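Participant: Take these sequences, add in the hints, and give me the full structure.
Protein chains in written order, with the working numbering: chain A, 401 to 884; chain B, 3 to 294.
Think of the hints as simulated: they come from the structure by calculation, not from any bench.
Computed from a predicted structure; not experimentally measured.
Careful, some of the hints might be misleading.
[What the hints assert, rightly or not] The calculated EDC-like cross-link candidates involving lysine to aspartate or glutamate, where the alpha carbons are at most 16 Å apart (straight line), are:
#: 1; chain 1: B; residue 1: Lys187; chain 2: B; residue 2: Asp269
#: 2; chain 1: B; residue 1: Lys5; chain 2: A; residue 2: Glu615
#: 3; chain 1: B; residue 1: Lys137; chain 2: B; residue 2: Glu126
#: 4; chain 1: B; residue 1: Lys188; chain 2: B; residue 2: Glu238
#: 5; chain 1: A; residue 1: Lys428; chain 2: A; residue 2: Glu586
#: 6; chain 1: B; residue 1: Lys84; chain 2: B; residue 2: Glu126
#: 7; chain 1: B; residue 1: Lys222; chain 2: B; residue 2: Glu92
#: 8; chain 1: A; residue 1: Lys818; chain 2: A; residue 2: Glu615
#: 9; chain 1: B; residue 1: Lys140; chain 2: A; residue 2: Asp446
#: 10; chain 1: B; residue 1: Lys128; chain 2: A; residue 2: Asp446
#: 11; chain 1: B; residue 1: Lys187; chain 2: B; residue 2: Glu238
#: 12; chain 1: B; residue 1: Lys137; chain 2: A; residue 2: Asp407
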Amino acid sequence: MLFNSLDFALFLPIVFVLYWFGSNHNLKLQNLLIVVSSYIFYGWWDWRFLFLILISSLVDFSVGIALLNQHNPFKRKLLLWTSIIINLGILGFFKYYNFFIENFKQAFSFFGREINVNSLDIILPVGISFYTFQTLSYGFDVYKKKLIPTKSFIDFSAFVSFFPQLVAGPIERATHLLPQFYKKREFNYALASDGLRQMLWGLFKKIVIADNCAELANMFFDNYTQYPGSALLLGAMFFTFQIYGDFSGYSDIAIGCARLFGFDLMQNFSFPYFSRDIAEFWRRWHISLSTWFRDYLYIPLGGSKGSLWMKIRNTFIIFIVSGFWHGANWTFITWGALNAIYFLPLLLTQSNRNNLDIIAQGKLIPSFKDFIAMLFTFTLTVFAWIFFRSQSMHQAFGIISEILSPTVFTNPKLVDQKHISLVIGLILFFLCIEWYGKEGKYGFSFVGHVKHKWKRWTSYCILLLIIYLYGYHGEAIEFVYFQF
Amino acid sequence: MRKFLLNVFGFSLILLVFNIVIFHLAQKNYYKEYQFKPSTKFKSFILSDSHAKCLKNYGEPYAIYNFAAGSESVLDMNRKLKYLIANNFEIKTIYFSVDDHILSPHRIKYGNLDRSIYYSNVHEFKTYYQYLLNKFLKYYVPIFHTKVRLVLKSLLFSKLKGLLFESQENIKTNDWINLTDGKRKKLATERFKTQFSYKKSSEILTNSFLEIINICKARKINLIGVKFPLSRNLIEVLGNSNYGADSILKANGFPVLDYKLDFINKDEYFYDADHLNSNGGIVLSHKLFFNK
Numbered sequence: 401m402l403f404n405s406l407d408f409a410l411f412l413p414i415v416f417v418l419y420w421f422g423s424n425h426n427l428k429l430q431n432l433l434i435v436v437s438s439y440i441f442y443g444w445w446d447w448r449f450l451f452l453i454l455i456s457s458l459v460d461f462s463v464g465i466a467l468l469n470q471h472n473p474f475k476r477k478l479l480l481w482t483s484i485i486i487n488l489g490i491l492g493f494f495k496y497y498n499f500f501i502e503n504f505k506q507a508f509s510f511f512g513r514e515i516n517v518n519s520l521d522i523i524l525p526v527g528i529s530f531y532t533f534q535t536l537s538y539g540f541d542v543y544k545k546k547l548i549p550t551k552s553f554i555d556f557s558a559f560v561s562f563f564p565q566l567v568a569g570p571i572e573r574a575t576h577l578l579p580q581f582y583k584k585r586e587f588n589y590a591l592a593s594d595g596l597r598q599m600l601w602g603l604f605k606k607i608v609i610a611d612n613c614a615e616l617a618n619m620f621f622d623n624y625t626q627y628p629g630s631a632l633l634l635g636a637m638f639f640t641f642q643i644y645g646d647f648s649g650y651s652d653i654a655i656g657c658a659r660l661f662g663f664d665l666m667q668n669f670s671f672p673y674f675s676r677d678i679a680e681f682w683r684r685w686h687i688s689l690s691t692w693f694r695d696y697l698y699i700p701l702g703g704s705k706g707s708l709w710m711k712i713r714n715t716f717i718i719f720i721v722s723g724f725w726h727g728a729n730w731t732f733i734t735w736g737a738l739n740a741i742y743f744l745p746l747l748l749t750q751s752n753r754n755n756l757d758i759i760a761q762g763k764l765i766p767s768f769k770d771f772i773a774m775l776f777t778f779t780l781t782v783f784a785w786i787f788f789r790s791q792s793m794h795q796a797f798g799i800i801s802e803i804l805s806p807t808v809f810t811n812p813k814l815v816d817q818k819h820i821s822l823v824i825g826l827i828l829f830f831l832c833i834e835w836y837g838k839e840g841k842y843g844f845s846f847v848g849h850v851k852h853k854w855k856r857w858t859s860y861c862i863l864l865l866i867i868y869l870y871g872y873h874g875e876a877i878e879f880v881y882f883q884f
Numbered sequence: 003m004r005k006f007l008l009n010v011f012g013f014s015l016i017l018l019v020f021n022i023v024i025f026h027l028a029q030k031n032y033y034k035e036y037q038f039k040p041s042t043k044f045k046s047f048i049l050s051d052s053h054a055k056c057l058k059n060y061g062e063p064y065a066i067y068n069f070a071a072g073s074e075s076v077l078d079m080n081r082k083l084k085y086l087i088a089n090n091f092e093i094k095t096i097y098f099s100v101d102d103h104i105l106s107p108h109r110i111k112y113g114n115l116d117r118s119i120y121y122s123n124v125h126e127f128k129t130y131y132q133y134l135l136n137k138f139l140k141y142y143v144p145i146f147h148t149k150v151r152l153v154l155k156s157l158l159f160s161k162l163k164g165l166l167f168e169s170q171e172n173i174k175t176n177d178w179i180n181l182t183d184g185k186r187k188k189l190a191t192e193r194f195k196t197q198f199s200y201k202k203s204s205e206i207l208t209n210s211f212l213e214i215i216n217i218c219k220a221r222k223i224n225l226i227g228v229k230f231p232l233s234r235n236l237i238e239v240l241g242n243s244n245y246g247a248d249s250i251l252k253a254n255g256f257p258v259l260d261y262k263l264d265f266i267n268k269d270e271y272f273y274d275a276d277h278l279n280s281n282g283g284i285v286l287s288h289k290l291f292f293n294k
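Facilitator: And the structure:
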């Protein structure tokens with residue numbers, strides 16, 4: 401079920417009413433309702449893949465219980481590896497099988513040997529990377545004794561399948577989300593109304609910014625051979641805002657929606673395009689995944705401690721794995737490696753934690769130095785997104801070589817200039833709101849602090865009108881991160 | 003919770019008022035000219051896209067009902083035929099548009115499926131929920147209807163433009179005859195590119211057309227193909243482009259009345275490159291209904 405669909409507009413109020421009024425505030429009933437509604441939410445897309453969530457839930461729930469009763473270090477490790485192998489096995493089969501088969505075939509044929517294995521026509525289950533990582537975090541935390549495993553399968557299933565964040569995150573840690581299912585939830589007016597506000601902002605990001613940009617980015621990327629460098633650069637910029645509007649829009653809707661049910665999900669984006677260096681960008685972009693890799697991969701590998709070689713190795717591992725997590729394609733791996741290259745100089749000069757504060761805090765205009773740093777970081781990011789968006793390395797290099805050629809200075813001579821100007825105008829409006837609200841948890845949160853109710857409501861109505869008038873007019877587009 | 007619900011209720015009220023406004027505007031500007039239910043006295047029907055709109059109600063004295071609509075696809079016509087059958091119309095003849103472009107994939111995207119749903123029934127949908135969602139919810143809650151949004155938005159902006167640039171708007175004229183040859187060529191080329199930018203005909207539309215043919219065969223309905231007149235400029239651009247609806251009909255033993263070239267040097271009968279104006283419509287109706 402898509403957040404930007406009529407189905408969801410019907411589904412959400414029904415679940416909300418049942419949750420707060422039909423369950424008599426009974427915790428078990430509420431959790432059961434979450435599980436049932438989450439399975440309906442997911443099954444709406446394809447019910448056949450519900451069994452994967454069920455298997456993942458059953459495995460980790462059982463491993464958790466077994467770890468609680470097991471004190472033998474070897475057997476505990478064995479249990480943890482069982483969880484890792486099953487979860488990553490499922491993920492690997494559905495997401496990476498064809499990638500490895502194709503690459504093995506190419507590698508063998510390079511050495512003059514042919515192998516006779518065919519790739520399979522596999523459907524990638526929506527959100528598999530998200531819920532797999534979420535359940536893995538449970539296994540790790542229980543193993544490390546950071547968390548006492550739950551004995552209620554309903555609570556655990558609710559944690560794994562919680563519908564607001566099931567298909568595209570934020571990837572919640574068991575230590576943060578699971579205990580929220582144990583506590584009695586009281587309705588919180590401030591939390592719920594802020595949640596609705598955040599959902600509205602998320603919808604604006606998705607329908608107005610991301611979907612409009614997607615249409616243009618697709619036009620440039622899909623026909624890249626027909627455009628000069630200037631047009632392709634514009635296309636890369638559109639994709640840069642598409643991916644941000646799409647993914648952070650989803651996160652906003654997810655976080656806001658969870659708040660309606662009394663849950664607090666972690667912040668996933670914190671105005672990443674206002675970052676002054678790549679390290680800051682990665683502290684602000686897809687925070688739930690970055691911190692997941694930091695805690696469960698980077699730190700166990702030694703992190704930034706150890707020899708120079710170890711630092712370089714660990715940085716490359718975490719970024720390349722992060723790229724690979726996004727998809728089974730060399731383009732994603734290159735995107736990850738490129739970010740490692742961006743990040744390494746900062747790490748090696750120990751300046752990766754220089755920009756921990758908010759840019760231009762308390763000011764409307766940034767300093768010249770901050771502005772240039774922000775622009776430079778943004779340019780690096782746009783460049784890296786070209787790999788992320790391209791279907792193949794050939795396409796990525798084709799686009800980059802055109803952008804780096806003199807055609808980047810030519811007039812792109814685009815047919816639909818009016819529409820392109822309109823989308824650029826909408827992006828500028830979006831950036832202004834985000835900049836003004838950058839000290840909050842999301843761009844539009846400052847409206848909640850406006851004293852007069854009529855002003856707040858006018859803001860909501862204006863935003864709704866913009867969504868209505870300028871929202872993408874085609875069929876509802878799936879969120880980009882559904883495929884990951 | 004009470005405060006929250008009151009606020010949600012208040013905001014829903016605003017949305018409801020907005021929805022009512024949009025609903026009325028949609029009725030007036032989008033649905034009004036589409037949703038008609040013919041009387042059972044009619045025995046023959048014209049199923050076509052906008053090309054047959056020039057025929058207006060000239061066939062009604064002869065029990066021929068003009069069921070044509072702008073942007074109509076074969077899928078929409080199929081729905082209308084099934085509607086007539088389901089409502090026990092005694093159908094003798096169907097005049098069916100078999101113009102060169104009628105099976106163009108372009109029509110899948112820009113058809114009337116959202117409007118012709120008015121003529122659909124529950125059996126067309128996989129689930130009852132889909133039926134309710136598409137037939138009623140999207141109709142009564144048009145704020146979720148993307149096409150209504152697009153139509154009203156363009157209406158709003160054209161009104162605003164009219165207010166701001168009234169004098170310039172009034173000068174414009176749409177009559178084909180009043181345009182320069184260069185302008186006519188340009189418009190004809192644009193029309194051609196819109197309709198013939200695909201290499202193959204649409205499989206979905208072709209299958210739907212074959213279904214119509216089979217229904218007519220099974221119910222012994224006279225199916226008559228009609229190729230509507232085109233302007234000289236469009237014919238020149240068109241060449242041999244044809245997605246082949248006429249050939250399919252002929253191959254199935256049904257006749258085709260071909261008026262495509264009949265108005266080739268009569269630009270005064272055209273409204274645009276491929277649509278007749280009122281006078282053209284009268285002349286065509288004489289040809290079609292009286293074979294003159």
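Participant: I'd like to know which numbered hints this structure contradicts. Please list them from smallest to largest.
Facilitator: Going through the list in order, the structure violates hints 2, 9 and respects the others.
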